[in-house]
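There are 2 protein chains.
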Amino acid sequence: MEKCILLVCDGLGDLQQGGKTPLMAANTPNLDRLAVQGSCGLMYPLGPGIVPGSDTSHLSLFGYDPRKYYCGRGVFEALGAGIALKKGDVAFRCNFATVDAQMNILDRRAGRIGTDDAASLGRMLDGMKLKGAEATFKSTVEHRGALVLHGSGLSPDISPTDPHGEGKVQQSKGIDAAGKKTADALNAFTKKSFDILDGALVNKERKSNGLQPANIVLSRGAGTLCPAPSFYEKYNLNAACVAGGSLYKGVAAFAGMKVLDVKGASGTANTDLDAKVAAVEGALLENDFVFMHVKATDNFGHDGDFDGKKAMIEKIDAAVGRLMALGATVVVTGDHSTPCKLKAHSAHPVPVGAWGKYVRSDSVLKFDEISCAGGQIGNIHGLELMPSILCWMNAAPMHGT
Amino acid sequence: MEKCILLVCDGLGDLQQGGKTPLMAANTPNLDRLAVQGSCGLMYPLGPGIVPGSDTSHLSLFGYDPRKYYCGRGVFEALGAGIALKKGDVAFRCNFATVDAQMNILDRRAGRIGTDDAASLGRMLDGMKLKGAEATFKSTVEHRGALVLHGSGLSPDISPTDPHGEGKVQQSKGIDAAGKKTADALNAFTKKSFDILDGALVNKERKSNGLQPANIVLSRGAGTLCPAPSFYEKYNLNAACVAGGSLYKGVAAFAGMKVLDVKGASGTANTDLDAKVAAVEGALLENDFVFMHVKATDNFGHDGDFDGKKAMIEKIDAAVGRLMALGATVVVTGDHSTPCKLKAHSAHPVPVGAWGKYVRSDSVLKFDEISCAGGQIGNIHGLELMPSILCWMNAAPMHGT
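These protein sequences, in sequence, are chains A and B.
Using this note's numbering, the first residue of the first sequence is number 61, and each one after it goes up by one.
Using this note's numbering, the first residue of the second sequence is number 61, and each one after it goes up by one.
Take these hints with a grain of salt, some might be off.
A pair holds if it fits inside one copy or across any two, identical chains being indistinguishable in the list.
[Claimed, not checked] BS3-like mimics (lysine-lysine), calculated; alpha carbons at most 30 Å apart, straight line:
#, residue 1, residue 2
1, Lys63, Lys403
2, Lys80, Lys426
3, Lys323, Lys146
4, Lys63, Lys80
5, Lys128, Lys294
6, Lys128, Lys318
7, Lys251, Lys80
8, Lys264, Lys403
9, Lys403, Lys417
10, Lys426, Lys401
11, Lys401, Lys63
12, Lys228, Lys189
13, Lys294, Lys228
14, Lys147, Lys63
Derived by calculation from the structure, the hints in this document are not laboratory data.
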């Protein structure tokens, strides 16, 4: 068996502008070497015509059918923030925001508060006792965070406090008794977050510096952990995750991967790819499978920044060269397309390339959305990626004699 | 409708060594003509990332989902040995082996006993009366054979007597009453096989010639026939099988194909391909569909013999030329890859090519694992082969108006 590195470049796929996608326009000698020496194809992460979210797509790429295992964004955010979830806990994706005294949302990202300020404020909310529930709160990157309500008889079937747009902070509502109990606890948490944060020293300083105070926490994406086999139980592989963004860490944690803390892995364009490659190298010593995630390709797609995405791909290409020197099978793909001209995720298939000792060398010469068509991998569904990877690792199970 | 010949070359797919697979390295003018004039593609017999057994793969290629119809190796071995199986019978794959008086296995293939000696010994075991069951035993090729226990209240849920490796003959065990009854019968058969064979004339002669005696029968792969529609019921096609190996004959018999006895079809590298082609020609007079199997490509893969596999492919190519002269649609594929450098089955897809009056000519110019990617057939699952063949025969059913 060969060990394997799976590199997922978020939102990698794109549409042509002036005849080329960012991947076609970029100078990518290492990705092209991977294509020349390995197998290529195209992948529909969730199937043709379904626009993948990053969470559902990563579940699918890891072999977890999101129709069965997608249990709400909050679950993956909480796991990614390092909160241990127990059965019955209800988890939320949260934003620090700025509100006035009438609960009108003035800035739903609290002036894009920095990670350190947010962490100071977040610690003030952690461990809050509520009627019928206790709250665990962790801030993650910038204005983002995760909330978990622990208690008996809670339910994720409640409405969010975050309007996910302009307007007022919403009162969460539930329908049945468990929902009402949970909504009451969430509303109490939200009110207390304002009471505590509005007068906090960090926010006084922010105001005096002309910055928006992060004086409330908005919640959405309620979810509760669903039982799932671990990556090891599914594939008999020890797996680790090297990622910056908490959502990706969360999906990896959901699958039971060991989530590494990598200094400099920021989930943004300034992420330290050298540090990530070094972390992958270290992780390969104790693991059979290492998942590495790079977020910024998606960010540039959302911003419609073709040149930025192209430049980021060239940085990633250099990292791919270093990954190919680590003695493992290397698989590169995206979790979905984020075409610059759409500034949003799309259902267009993403290129996938595999390179290693047990990978056939096919006739594809370049790693891009167009060249990969007609390669050895063909057109696969996201759920077929892990089985294909097992084949490339020479670790696939046998059925029959 | 055109008639169709399906040629399955066992373990045909491979990985590149020095840039080429055996199929790429071989001189194959007829297979290449098939590719130039016909349609090509790649096939995952059981789906990406699942290493096929020969039994499960052939079920899939004939359109029988092995998740539903794989009822144990013994069933196919027994059917292939020509034993008529009834509902409730329990069938086993058997080996003649050499043991000492303490039941230590000295040679699990009895010195690779020849087919004729094994047949003499096998006849001594056939029809044995046991407590609660009667045994039908047939030897097949060399040390191989099949055992069927007939009786009421038997179960295949028992452990094997064959350790499938070194060690001692195992006592079969069952959990419930039916399993215990069956295990008792199998243990009695095994003990009697030693009592009868150890003193048999054939074995006395073998010992005096310095050969290992075939003095016991080891059993594994217990199975019982599961109900299945016949090939004719599924496709409205009369079908025949031309094969040497009993497992392949068995899967064909399971599907209700007429299994032909072809002199010289040995299931080994010295198989008489001319005799097989002649048998196919004869079978086409009375059948719509003829399945022809060649085993030796797989054997060379298991032996890691690249040049042997390449030479066997060149022999097969000559046979393909003769098959293409018989006036039928010709489909060529493998049941799985057996890469020489792995010496084992693998999950890598196999090439598939189709040639005939109702087959499109695509842009693929060579029949090999790399060239077939991007052909007209695309990447198909084994269960999609028969529907595709119906299309190429112009015999596909219509759905709708």
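Hints, one by one, checked against the model:
1. Lys63 - Lys403: between (36 Å within a copy, 20 Å between copies)
2. Lys80 - Lys426: both (13 Å within a copy, 20 Å between copies)
3. Lys323 - Lys146: Classified as within; 28 Å inside a copy, 67 Å across copies.
4. Lys63 - Lys80: between (34 Å within a copy, 24 Å between copies)
5. Lys128 - Lys294: both (15 Å within a copy, 21 Å between copies)
6. Lys128 - Lys318: Within one copy only: 22 Å inside a chain, 36 Å across chains, cut-off 30 Å.
7. Lys251 - Lys80: neither (50 Å within a copy, 68 Å between copies)
8. Lys264 - Lys403: neither (36 Å within a copy, 71 Å between copies)
9. Lys403 - Lys417: Between copies only: 15 Å across, 38 Å inside.
10. Lys426 - Lys401: both (23 Å within a copy, 27 Å between copies)
11. Lys401 - Lys63: between (37 Å within a copy, 18 Å between copies)
12. Lys228 - Lys189: within (25 Å within a copy, 65 Å between copies)
13. Lys294 - Lys228: So Lys294 and Lys228 fail the 30 Å test inside a copy (45 Å) and across (33 Å) alike.
14. Lys147 - Lys63: For Lys147 and Lys63, neither the intra-copy (33 Å) nor the inter-copy (46 Å) Cα distance is at most 30 Å.
Figure legend: structure checked against the earlier numbered hints; hints not met, in rising order: 7, 8, 13 and 14.
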